[in-house]
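K.L.:
Just need the whole structure built from these sequences, with the hints factored in.
Residue numbers (my numbering), protein chains in the order written: chain A, 4 to 377; chain B, 648 to 1023.
Certain hints may be false.
[Said to hold, decoys possible] Pairwise CB distance ranges, derived in the manner of DEER restraints:
| # | chain 1 | residue 1 | chain 2 | residue 2 | range |
| --- | --- | --- | --- | --- | --- |
| 1 | A | Leu244 | B | Arg1017 | 32 to 42 Å |
| 2 | B | Leu738 | A | Arg65 | 43 to 53 Å |
| 3 | A | Ala248 | B | Leu907 | 45 to 55 Å |
| 4 | B | Ala749 | A | Asp344 | 25 to 35 Å |
Calculated directly from the structure, the hints in this document are not laboratory data.
A virtual CB, placed ideally from N, CA and C, is assigned to each residue, including glycine.
Residues per chain are reported as follows:
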Amino acid sequence: MFSRIGNMLWKEGIQFLRYRLLLIFVLGFPIFNLVSAAGAIGEGIMHIPTAVCDQDLSADSRRLVHMLRNSRYFDPDYHVGSQAELEQLLEKGEVKVGLVIPQDFGAELTAEDKGATAQVLLDGTETTTALLAQAYLEETAYEYVQRQGAAGGVTVAGGLERVDARPRAWFNEDLGEKTLDLPDELADSLLLLAIFVPALLITREREAGTLEHLFVTPMRPIEMIVGKGLLAFVVAYLGFLGMLALLVFHFQIPFQGSLPLLMGLTAYYILVEMGWGLLISTVARTQGQSLMGAYILGVVEIILSGRVLPVAYMPWITQAMSLVMPNRHYTAILRGIMLKDYALSDLWPQLVSLAVLGIVLYTVAAFRLQKRLD
Amino acid sequence: MNSILSVMRKEFRHMLRDPWLLTTITVGAVLLIVLMSYTLSADVEHVPIAVVDSDRSAQSRAYLQSFISDDFFDLTYWSQNSEEAFERVRLGDAHGAIIVPAGFADTLLRGEKAVVQIIVDGTEPNVAAQVLGNAKALSANYSIELLERHLDRAGLASNHETQTLEFRMQALYNPNLEEINTILPGLMALSLSMPTISAALSLAREKEEGTLESLMATPIRRYQLLIGKVIPYLLVGLLDVLLFVGIGLVAYGVPFRGRLADLILFSGLFLLANLGISLLISTLVRTQMAALVIAGFVLTLPVINESGLFHPLYAMPPDARMQALLWPATHYVTITRGIFLKGVGVRVLLPDGLFLLAFGLVLNGLAVWRFKKKLS
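P.N.:
Pasting the structure below:
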């Protein structure tokens, strides 16, 4: 049995090597993607482009603008004369926040029984930015009053008590996006590798009519799947090793957990993910179908993986759907080991889910294959 | 013209003969956008939080009460010490922690600044940023309350020395900041990759099966052949756009403030640009497998990571922003959000449209050129 599988692997390997361009791409694009993603990483949602329409032009209004800039959350680089201009900038997308300081701002601020009001226009098309800008502005308003009070010599007997919320991030101390985004990119690319490559191997053979030839040989479907699968596995795992080396050596992503554990569990994940690829290729009638099927699965898995939005906040239906997506479990494994120092014992829910998923996928795939050949 | 039409007819017949494929790139694309919008538009709310209240005073309870009454936070785990809270966050049960230090009430009584630690899970930066923002805003509000109460006690309540500043905030284009309104138009860029990839597969299939050679033997010119092959997919793509708009309006109530004609025009340009990428890829490779793998990567990952769909463009370093602007999807995300939500038209979106046009012409031109070179 093993020599037959070995022969199969050899034949497939030779065939695969003939697609040189594809091979270069399969192993090269994930690397390219990582490098370009590393370049795209900023400081997170900071320096929101902001326009100011200061109709007061007082020391008070200037202090406010200055404070916004100092907070580093806002970049008030645009100064406009009218609210209409400000709205134009928002419409064009040049700024995400517009601040209108009315003429009597400074006067009202110090007037009796009155508070000052400034108007803020937010670009609602980027909800995350708008939500954060709102929260930052509320904090700024309070700090402004505090400092203004201190500067104006307002002291109340006993001082000014207040609560300061001091932020601290665990597991990714400086909220470094590189630390998080690059492993995420790795998971994206690995996913596509693990479903594309096996999905093709079988359909190609069937379309070329050589599948029947293989089955008149004394090979059993299981051997056939193993032979094809091994090659796909080797390709995907090589891709993973390349990306991992880049992360660890070149980008020097802090690695909290055990590297061998991650390498072992990644192999486990690739095997399960390949089950989907095999299943699709046994259901599809043509290569086109099998390829589009693999592509759709890939997109759905990325969306449901929890990397875009944590699974806990998804609607329950898609939370349930995500359970059959190996990539969701892998995301937890990858982030857990790299950033949170998860040991094997912390990961048992993921390991069990993957095991169940793997058994089901491979059984159905083998069953389908058998049925089609009868 | 006639030869283009006959190639188109042939391509349409191919599509109809494989109903699975046609269903995939129409109904499938719609289902995909429905699923993605439904999933990703969920609000981050009721974030589970671990609390360590080392002070256990009336003051600390009053402070924490403001978190309890806020919908954003769920103070789920009341931990004894910060190690326990750490473990909750590490295992992902809690997505953040609030640590009120011992002596909190005393510090406030002395009229000093009490520091509360807000812990966020750095592995979920979007949630972390929102937890932080909300915690800071709540703390600021609580401080204002304290101040007012203090002044009250001192009989200074209506004294001129109280100053307040209020920002009156208004979100334009999406007043309630509903996530679905920004997600659905943006996701169109991703869903439209399906008809585009089918075009690449179709050309690669003809190469694989050798039917391309027989077509070349007819007097059809190369560019006519490519145009004839591309247009059916462009039309299917535009049909998808109409379906997306319909789903957005009917199922999700996403506002559509611009003009449909503008959306069709710009979507056509986007599809042209993407089809350019697809065709160029399929002229470079020999098999459907290679065409899919390459087109799948190139048309998907940049959309997810660099188009501004999930990460705002301004938050990228300048070099990366320039690079992101080289992908058609980046412009298309601006376009769809602009037309759906802002109601802008050609006047504002012209630069994006021109880029897509130029990109489409150059890449399709390159594809024709490659195609000629290869076959002659």
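K.L.:
A separate judgement is required for each hint: does it hold in the structure or not?
P.N.:
Structure-based check of each hint:
| no. | hint | in the structure |
| --- | --- | --- |
| 1 | Leu244/A <-> Arg1017/B: 32 to 42 Å | 33 Å, holds |
| 2 | Leu738/B <-> Arg65/A: 43 to 53 Å | 48 Å, holds |
| 3 | Ala248/A <-> Leu907/B: 45 to 55 Å | 50 Å, holds |
| 4 | Ala749/B <-> Asp344/A: 25 to 35 Å | 29 Å, holds |
In summary, this structure violates none of the numbered hints.
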